[in-house]
Amino acid sequence: MKIMVNGTPREVTATTLAEALAALGRDGETVATALNEEFVPVGARAATPIAPGDRIEIVAPRQGG
Amino acid sequence: MVSFYGTPVASRLMLGTAQYPSPKVLSEAFRRSGAGIATVSVRREAAAGEGADFWALVRKLGVRLLPNTAGCHSAREAVTTARMARELFSTDWIKLEVIGHADTLQPDPWGLVEAAAILCAEGFKVFPYTTEDLVLAERLLDAGCEVLMPWGAPIGTGLGLANRYGLRALRAQFPDVPLVVDAGLGRPSQAAEAMEMGYDAVLLNTAVAKADDPAAMAEGFARAVEAGRLGFEAGAMEPRDMAAPSTPLIGKAFLA
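Just so you know, the protein sequences line up as chains A and B, in that order. Start counting the first sequence at 0; every next residue gets the next number (numbering that gives the first Met the number 0). Start counting the second sequence at 0; every next residue gets the next number (numbering that gives the first Met the number 0).
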């Protein structure tokens, strides 16, 4: 199905957020996630279903002021 | 020693991690600054592995991390960013930014208070990036904040303390609240001035990162912060308009 990942359309085969991260090759990384602008803790990804058109944000530790 | 939310911190200089010419320069600047707190952010990765590299770098700094919600323009966005930051950096400390004006990056007072109340209720230790407004300060304290971080001047300007009266009034109004001048500092003398006014710490980034020699500037700021703090603790003399000779007149030879 087609979802938005960090603002870019992506085609993934997944039913949960955890599966989507794995399909994107981002599982196991130090990242935090949000689904449709709501934070999803790492422990809740496997139980969080995703649907076509969902917006996923994947963020990492970065420089800041 | 200054404490934030019950955690003592050895240095009164807080330093940002952005805009350095290289990771090596960043590390050297932190070493010479003696800073005990580093600000960081959460962002999308432009290339795979960027986050992991940076994460490895900041952990080696041996400083406490203060993630920010930089660039957020609504309370909702800032709250979601704070929640992501808490998980990523394993800390409940958050530098809360809710920006209300694009050109000045002035905080949105209403969004700031709204986000601060939500985050404090969730157990976050909120460090709000605010203005010197006394009423806003009171509202942030009511929301549960135990630290306030008023701007010296707009972020990245290097203008120093743009509203000395406002900053003095804030210090006088809240003598027992840890206050940090955050943003707008460009030179060590400006940091010293904030410390002489009785501010508990300063937070800066661009002034060090964009100096010709960031590591040397980091040390310059560290010394200025210490000098200013000593000046505050020592109690400065009152200025006066007319000269007053420092050398005693008594005993002067009559040579006229």
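Warning: the hint list may mix true and false statements.
What the hints assert, rightly or not - Okay, the calculated bits of chain B under chain A, using three or more residues with CB under 8 Å as the criterion:
(1) 11-17
(2) 31-41
(3) 44-50
(4) 125-137
(5) 241-252
To be verified - Result set (SDA-like, lysine to any residue): computed pairs, CA atoms no more than 20 Å apart in a straight line:
(6) A:Lys1 to A:Ala13
(7) B:Lys59 to A:Lys1
(8) B:Lys124 to B:Glu27
(9) B:Lys59 to B:Thr79
(10) B:Lys124 to B:Ala101
(11) B:Lys251 to B:Pro238
(12) B:Lys124 to A:Thr14
(13) B:Lys59 to A:Pro40
(14) B:Lys209 to B:Arg30
(15) B:Lys124 to A:Ala13
Hints in this document: simulated from the structure, not taken from any laboratory. Small disclaimer: the values here were computed from a predicted structure and weren't measured. Positions of the beta carbon are idealized from the N, C-alpha and C atoms, including for glycine.
Results of checking the hints against the structure:
1. Chain A is given as covering the stretch 11-17 of chain B, and this holds because 3 residues of the stretch bring a CB closer than 8 Å to a CB of that chain, at least three being needed.
2. Against chain A, the stretch 31-41 of chain B contributes 4 residues with a C-beta closer than 8 Å to a partner C-beta. That satisfies the three-residue criterion, and the hint holds.
3. With a threshold of 8 Å between beta carbons, the proposed coverage of the stretch 44-50 of chain B by chain A holds, since 3 of its residues qualify and at least three are required.
4. Only when three residues or more bring their CB closer than 8 Å to a CB of chain A does the claim for the stretch 125-137 of chain B stand; here the count is 0, and the claim is violated.
5. Coverage of the stretch 241-252 of chain B by chain A is violated [criterion: at least 3 residues with CB-CB distance below 8 Å; count 0].
6. Distance hint between Lys1 (chain A) and Ala13 (chain A) is fulfilled; the C-alpha atoms sit about 10 Å from each other, no more than 20 Å.
7. With a CA separation close to 40 Å, the supplied pair Lys59 (chain B) and Lys1 (chain A) exceeds the 20 Å bound.
8. Distance restraint check for Lys124 (chain B) and Glu27 (chain B): the Cα-Cα separation of roughly 29 Å exceeds the 20 Å cut-off, and the hinted pair is therefore not satisfied.
9. For a cut-off of 20 Å, the pair hint linking Lys59 (chain B) to Thr79 (chain B) is broken: about 27 Å separates their Cα positions.
10. Taken as a hint, the Lys124 (chain B) and Ala101 (chain B) pair is broken in the structure, with Cα atoms around 26 Å apart against an allowance of 20 Å.
11. Restraint check for Lys251 (chain B) and Pro238 (chain B): not satisfied, since their Cα atoms lie roughly 26 Å apart, outside the 20 Å limit.
12. Restraint check for Lys124 (chain B) and Thr14 (chain A): not satisfied, since their Cα atoms lie roughly 35 Å apart, outside the 20 Å limit.
13. In summary, the hint linking Lys59 (chain B) to Pro40 (chain A) is not supported, as the alpha carbons are separated by about 26 Å, beyond the 20 Å threshold.
14. Between Lys209 (chain B) and Arg30 (chain B) the alpha-carbon distance is near 17 Å, which keeps this suggested pair within the 20 Å criterion.
15. For a cut-off of 20 Å, the pair hint linking Lys124 (chain B) to Ala13 (chain A) is broken: about 36 Å separates their Cα positions.
Consistency note: the structure conflicts with the earlier hints numbered 4, 5, 7, 8, 9, 10, 11, 12, 13, 15.
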